[in-house]
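**Student:** If you're matching them up, the sequences are chains W and U in order. Under our numbering, the first residue of the first sequence carries the number 16, and numbering increases by one thereafter. Under our numbering, the first residue of the second sequence carries the number 139, and numbering increases by one thereafter.
Because the hints were derived from the structure by calculation, they are not lab data. Glycine is no exception: its CB is placed at the ideal position from the N, C-alpha and C atoms. Check each hint, because a few of them may be wrong.
Straight line, CA to CA, 20 Å or less: simulated EDC-like cross-link-like pairs of lysine to aspartate or glutamate [claimed, not checked]:
{"#": "1", "chain 1": "W", "residue 1": "Lys98", "chain 2": "U", "residue 2": "Glu278"}
{"#": "2", "chain 1": "W", "residue 1": "Lys98", "chain 2": "U", "residue 2": "Glu636"}
{"#": "3", "chain 1": "W", "residue 1": "Lys98", "chain 2": "U", "residue 2": "Glu632"}
{"#": "4", "chain 1": "W", "residue 1": "Lys98", "chain 2": "U", "residue 2": "Asp643"}
{"#": "5", "chain 1": "W", "residue 1": "Lys98", "chain 2": "W", "residue 2": "Asp136"}
{"#": "6", "chain 1": "W", "residue 1": "Lys234", "chain 2": "W", "residue 2": "Glu247"}
{"#": "7", "chain 1": "U", "residue 1": "Lys391", "chain 2": "U", "residue 2": "Glu278"}
{"#": "8", "chain 1": "W", "residue 1": "Lys212", "chain 2": "U", "residue 2": "Glu278"}
{"#": "9", "chain 1": "W", "residue 1": "Lys212", "chain 2": "W", "residue 2": "Glu125"}
{"#": "10", "chain 1": "W", "residue 1": "Lys98", "chain 2": "U", "residue 2": "Glu635"}
Listing some non-contacts, in silico: residues in chain U with all C-beta distances to chain W over 10 Å [to be verified]:
{"#": "11", "residue": "Val198"}
{"#": "12", "residue": "Pro449"}
{"#": "13", "residue": "Asn507"}
{"#": "14", "residue": "His675"}
{"#": "15", "residue": "Pro705"}
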Amino acid sequence: MAVITLTINDELVSGREGDTLLTLMREKGIEVPTLCHLDGLSPRGGCRLCLVEVQGSNRLVPACITPAQEGMSIVTHSERLIKYRRMILELLFSERNHICAVCVMNGRCELQAEAAAIGMDHVRYDYLTPQLPIDASHQRFAVDHNRCILCTRCVRVCDEVEGAHTWDVMGRGVNSRVITDLNQPWGTSKSCTSCGKCVQVCPTGALHLKGSTVAEMRKDRDFLRWILDGREKKQWILRNGGQESGR
Amino acid sequence: MNRVELQAIAQRELDQRQSYRCRLLCCASTPCISSGGTAVQKAMEEAIKANGLNAEVVTVATGCMGPCSRGPMVTVQVQGQPDVIYERVTPEVAEQIVARHAVAGEPVADHVMPSNLPFFTKQTKVVLSNSGLIDPERLEDYIAVGGYSALAHVLREMTPEEVCAEISKSGLRGRGGAGYPTGLKWDLVRKAPGERKYVVANGDEGDPGAYMDRTLMESDPHRVLEGMAIAGYAVGATQGFIYVRGEYPIAAKRLEKAIRAAERRGLLGSRILESTFNFRIDIRIGAGAFVCGEETALMASIMGRRGQPVPRPPYPAQSGLWGCPTLINNVETFGCIVPIIQKGASWFASMGTAKSKGTKIFALAGKVNNTGLIEVPMGITLREIVFDIGDGIPGGRKFKAAQTGGPSGGCIPAEHLDTPVDYESLRALGSIMGSGGLIVMDDQSCMPDVAKFFMEFCMDESCGKCVPCRVGTVQMYRILQRITNGSATLRDLEILEELCEMVRDTSLCGLGQSAPNPVLSTLRYFREEYLQHIQEHRCPAGVCQMTEVPIIELVHRPIARAAAASPVAS
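Let the hints inform the model, and build the full structure from the sequences given.
**Tutor:** Structure follows, in structure tokens:
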């Protein structure tokens, strides 16, 4: 495959033809925030966080989907880009309910991490706070639309990797929502294989395992009775030279 | 069908036309139908029957005649006399027209529209040359005015390269709004490697107040089909699609009828005009999404997917429908092809300005005396459009601004009325040519309110794929709402401007990139008006209610009151 040379932040970088800008930037150790992009899924270019400047063009291009070209000159962290990234994150936080303190993903959320990395500590826009439903009809998983940022990773992984295409998007604009089947409860979905891939790729707490939300958190203290009872009945004594423990 | 037969049909049709002494052309496009055009034609037919004139007088349902606000329109053609155009025809007037004009030859003076009005004389009809004169539902009518002879000429005399070169030479640019050179695009698709190629006509016209494409598809569907077939020959495609907006049922019906008629006559389909060229055209109907006018979203919709844009490159010319090279042009662009082939590229290039050639159709609307559909040469000034063709502002009010390009465009104030209308000049003024919507506003229009209207439109029509457009438009709309209800502060204006720049620079497709345009252009020319709303708490045009106050004032008022009441104060 042909080798191409381009400039990223005033440094010469070589890459293979067909590589995206994001691949080359990551190889170089240059990090830009991404939310809709996930290695292994088709690129989408929807979150607009990985936008970079191409010299000689006044249009910003998404690094995740733009193929590198010979002689390109890229700037990844100009003042304008950082300002725009921050504003986009603020918009995402204002769109739905992203109160971290009561979220299942608090501390491991990609949206939270990107906001922290860029130093976004407050939102200047109105919180739109829509009242969206939570679908907990599935046996093992639940979807909280209030946490969804519409990155459609779930839609892509379900279609491209699992091959089920249970997930899709309905509505448009801010009223868009990810849906299962034809907007039927997840638990009744005939196409869902319950593989859980969507849950694993979700960057926020929108898709999660049941039982992990703050409200569902319960302490299971039955173990105490079980252990004490066993001690009382001397069930912990080893028999047969330690090969088998009796109960 | 071959060229000789084509000419024979044309001759037969013309002879048949000669056999009638008088033809009554009744407009049957959407505006006139909605104002009662169907009843007018019916009344005329009954009057003809009652007067026993079946052999000498005939009614024809035609396409649009232009002055749509004065409909229903009727044109009376009496042999050997100039055409007479009637406005606001009711069934009663229609009977009089038959009884007096068709029989006795004396026009019904009250309803005659003088043909020497600037509305007619300042126009140059190229794309709409058949509109209002032929029956769009009859193929023979189109053939009689030279229809499909351009296709026959191209198939017989020209190579695909020559066709592309001819279009390039004409200087034709995309009529959908962006103004990309059409010949260049055709050449790109022609040269793109690939066995299968497609031609797509974009008829998903969605700008509020604009109906150029609808009229063209309703009034002269065969011209669009012929233009597409020529394009198919030039780029090497065998399949075309017309994407018609779902709200245009009459256009879709007439196109469908036109395609079937052309296929029956061997003018579309296999071995067109006894050549080796095959070209099929199918209709795809939109489901009511403005964003599907964006080319990549439109193609997604044709392929049966969710109508959302995808980042370019790859451009449709390299990878479009089902990954094949695809030529996508506006229906008005295809409407320009036939006259270019018939009359030559240099004739077309002789009209217009240095960089914008030919004519452009505008839907003139708003606070102007003559509203309707007009076709003018590029380079005409806005003043001529508004004050000559449009006959000025009703009630002698003051012209304030003209809005071009719909929700993607901007407002042009009175001081720029003498700017020639072409792609570059309008862009320099912060607006765009757009698809051709032109809304005139007088001093009773409030600019922040206008900006709010267009922002609400963009907010509703955003597809939701990219964040800046999906959420940014909502936030901008909320700020504009605050400005127009009196609760905004200067801080809001600052945030609004910042958001405008960000949404323009970071959005994925043209919808988001141009959504801030109405705000940016009104801020550029009418900043004073925004400041009056915010600082002086009043709407100079008297449109906004201004019922709210900024929340910060609500906080400060009781403190101030308490301070004033306190004896310790001062």
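**Student:** Hint numbers the structure violates, sorted upward?
**Tutor:** Failing hints, ascending: 1, 6, 8, 12.
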